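Dock chain L against chain F, hints included.
For the protein sequence lines, the chains are F and L, in the order given. Be aware that the first sequence starts at 1, since it is given in my numbering, and climbs by one per residue. Be aware that the second sequence starts at 245, since it is given in my numbering, and climbs by one per residue.
If you are wondering where the hints come from, they were derived from the structure by calculation, not from laboratory data. Please read all numbers here as calculations on a predicted model, not as lab measurements.
Calculated lysine to aspartate or glutamate pairs in the EDC-like style (CA-CA distance at most 20 Å, straight line):
hint, chain 1, residue 1, chain 2, residue 2
1, L, Lys496, L, Asp484
2, L, Lys480, L, Asp334
3, F, Lys121, L, Glu249
4, F, Lys90, F, Asp117
5, F, Lys80, L, Asp644
6, F, Lys126, L, Glu249
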Amino acid sequence: MSTNHTIIATTDLTKIYGMGDASVVALDHVSLEVQAGELVAIMGPSGSGKSTLMNILGCLSTPTSGQYILDGEDVSHLDKVQLASIRNTKLGYIFQSYNLLARTSALRNVILPLVYDRSHKHPREKWEGLARDMLEKVGLGDRMDHQPQELSGGQQQRVAIARALITNPVLIIADEPTGNLDSHSGEEIMKLLHTLHLQGATIVIVTHDPIVAQYTERVIHLKDGQVDLVIHNEKYHLKESVAA
Amino acid sequence: MNINEVFRISWEAILKNKVRSLLTMLGIIIGVAAVIVMIAISSGTEATISDQITSLGTNLIFVSTAFTRMGPGVDTSVQLVLSDATAIADNISGVTSVVVEQDASETVKAGSVSLSSTSITGASPDFLTVRDLTVANGRFFTAEDVTNKKKVVVLGSTLATELFGTADPTGQTILIYNTRVTVIGVLAEKGTVGEVDYDTRAYIPISLMLQKFAISPFAKIKGDMIRMVYVQVDPKANMDNVILQIQILLAKRHNVTLASDSFTITTQQDVIATQESTTSAFRSLLAWVAGVSLVVGGIGIMNIMLVSVTERTREIGLRQSVGATPNDIRWQFLTEALLMSLVGGLIGAAAGVGGAWVFGFASSMRTVIVPSSILLAFASAAAVGAFFGFYPANQAAQLDPIDALRHE
Numbered sequence: 001m002s003t004n005h006t007i008i009a010t011t012d013l014t015k016i017y018g019m020g021d022a023s024v025v026a027l028d029h030v031s032l033e034v035q036a037g038e039l040v041a042i043m044g045p046s047g048s049g050k051s052t053l054m055n056i057l058g059c060l061s062t063p064t065s066g067q068y069i070l071d072g073e074d075v076s077h078l079d080k081v082q083l084a085s086i087r088n089t090k091l092g093y094i095f096q097s098y099n100l101l102a103r104t105s106a107l108r109n110v111i112l113p114l115v116y117d118r119s120h121k122h123p124r125e126k127w128e129g130l131a132r133d134m135l136e137k138v139g140l141g142d143r144m145d146h147q148p149q150e151l152s153g154g155q156q157q158r159v160a161i162a163r164a165l166i167t168n169p170v171l172i173i174a175d176e177p178t179g180n181l182d183s184h185s186g187e188e189i190m191k192l193l194h195t196l197h198l199q200g201a202t203i204v205i206v207t208h209d210p211i212v213a214q215y216t217e218r219v220i221h222l223k224d225g226q227v228d229l230v231i232h233n234e235k236y237h238l239k240e241s242v243a244a
Numbered sequence: 245m246n247i248n249e250v251f252r253i254s255w256e257a258i259l260k261n262k263v264r265s266l267l268t269m270l271g272i273i274i275g276v277a278a279v280i281v282m283i284a285i286s287s288g289t290e291a292t293i294s295d296q297i298t299s300l301g302t303n304l305i306f307v308s309t310a311f312t313r314m315g316p317g318v319d320t321s322v323q324l325v326l327s328d329a330t331a332i333a334d335n336i337s338g339v340t341s342v343v344v345e346q347d348a349s350e351t352v353k354a355g356s357v358s359l360s361s362t363s364i365t366g367a368s369p370d371f372l373t374v375r376d377l378t379v380a381n382g383r384f385f386t387a388e389d390v391t392n393k394k395k396v397v398v399l400g401s402t403l404a405t406e407l408f409g410t411a412d413p414t415g416q417t418i419l420i421y422n423t424r425v426t427v428i429g430v431l432a433e434k435g436t437v438g439e440v441d442y443d444t445r446a447y448i449p450i451s452l453m454l455q456k457f458a459i460s461p462f463a464k465i466k467g468d469m470i471r472m473v474y475v476q477v478d479p480k481a482n483m484d485n486v487i488l489q490i491q492i493l494l495a496k497r498h499n500v501t502l503a504s505d506s507f508t509i510t511t512q513q514d515v516i517a518t519q520e521s522t523t524s525a526f527r528s529l530l531a532w533v534a535g536v537s538l539v540v541g542g543i544g545i546m547n548i549m550l551v552s553v554t555e556r557t558r559e560i561g562l563r564q565s566v567g568a569t570p571n572d573i574r575w576q577f578l579t580e581a582l583l584m585s586l587v588g589g590l591i592g593a594a595a596g597v598g599g600a601w602v603f604g605f606a607s608s609m610r611t612v613i614v615p616s617s618i619l620l621a622f623a624s625a626a627a628v629g630a631f632f633g634f635y636p637a638n639q640a641a642q643l644d645p646i647d648a649l650r651h652e
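The shape of chain F in the complex, shown without the other chains (with noise of 0.2 Å):
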């Protein structure tokens, strides 16, 4: 993957939610940019508008005032159907709850993005060897047909790794990755996310835990909905070297 490509590029991104005395900034103007390759966090105290970015972001609201160029496609202003299909073929989320389909497979859970693929990308026939590839790239090749319940929390979020790799995505979202697992099972986590970066993906953290953004090469803090500060980390090129 191309090292110079522009993923995220947000121009004085806005948004405002409620109306009059009411109305609540929640985010105010922000641009930043976001490369190819790049594992970047975002990080901020509650109310610093770092849901609302990802929000944005990762296509689940649209600006109200601003721009957002995702992967060289403005998407702005697009409407609930073509967020939906940009989701669905550029995007790949991982969320601290896991969010895996109870009683469900492992494997069936992977195959979800492809179900409301409209591009059809990949015939159905297909759709099972591409899930067992990418649990075998997690790490889960032996739990295929185990259900949610039967995996432990680091296991499901795999699972849940597994899901946001199969699209093959320009951008995967990460809200708080770890904030449901233990020290040891969060620690495997983040190498496993920080392999996928050395791997080539471009990868977007949001968290609150500074251990985690110590894996990050940079990390950009929020504050009242504003960029307050732009850290470009020294540790992540140590465990950069220690990883590789």
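What follows is chain L alone, placed relative to chain F:
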């Protein structure tokens, strides 16, 4: 989204909550089963009635006096009399046989047993064939008995038991009012047909009836008054033509105009049509009642679907986040509702057919399973599912992905 996937997802959702799905379907199951059983019962009743009417003999014309203008000052001389029957038999072509009937109500005594207000029917021997009756024991009276005004009687089965218990009544004598008659036979059980209970009656020769019991207090009547003439028509003859001939003949004999409507002439078909209109009204009432239970079942589906949408909000959010459009979500829930009503309809149809069969087997009522009723019930179940599934499906489709994902 692939149609197979839609069905797969919906089917899995139903299977994941087997008990709840079954309870949801229960309304539809009961509704569909009720429609089928109700229609089977009313069709059974209808079939029984039309069988009974047909069993009264085919190609039959009933002629009777129209009692529309009875009372003081009314000319009661226009009455059906015995010679009318003879005239019909002799003058009208296409008539194969004519049977007369006159009824009376008298006290009947046998030994110490006394039954008041017992129906006595005076008839000609062909009455047996025309009314499709059979003799269980002994014999029916003959033309000779009628000619000789023989004092003989044939008893209905119930009446025989009431008078003689288990003893054989043939050869015994009974007293009808003050006339002693000899029992020559007992009829086989027939039951009630068209509000006439054939088993509680006594049957005597028409000549004896006219002589002893049917003497009208209004003594101006010319000849012997009779209640009914049954005219059996050759199947090859034109029924309408025969009816017209009878009308002309009677009008001429009684010196009235054709338009006077002094006599009522009905056919087997008329009787069947009347019965059918009554039972079809009954049937549509039952169908409506069953239809209401289908609607109630539909409301049950809507309820559970709404609960299901709330419960699965996070799942909806997840599906939206991986690319499901509002339409995808709408179809998923609509298909789920539809599948549930169809499966419910299927179970209900099986239960209905089984229930109708068991009901017909276990009770004295006859049931006829109407194939179109299964189709009707099934189609209504599908319509109910689609209709009541639409609102919850729409609710699900309109969820905001962010709110849905955050839902606890």
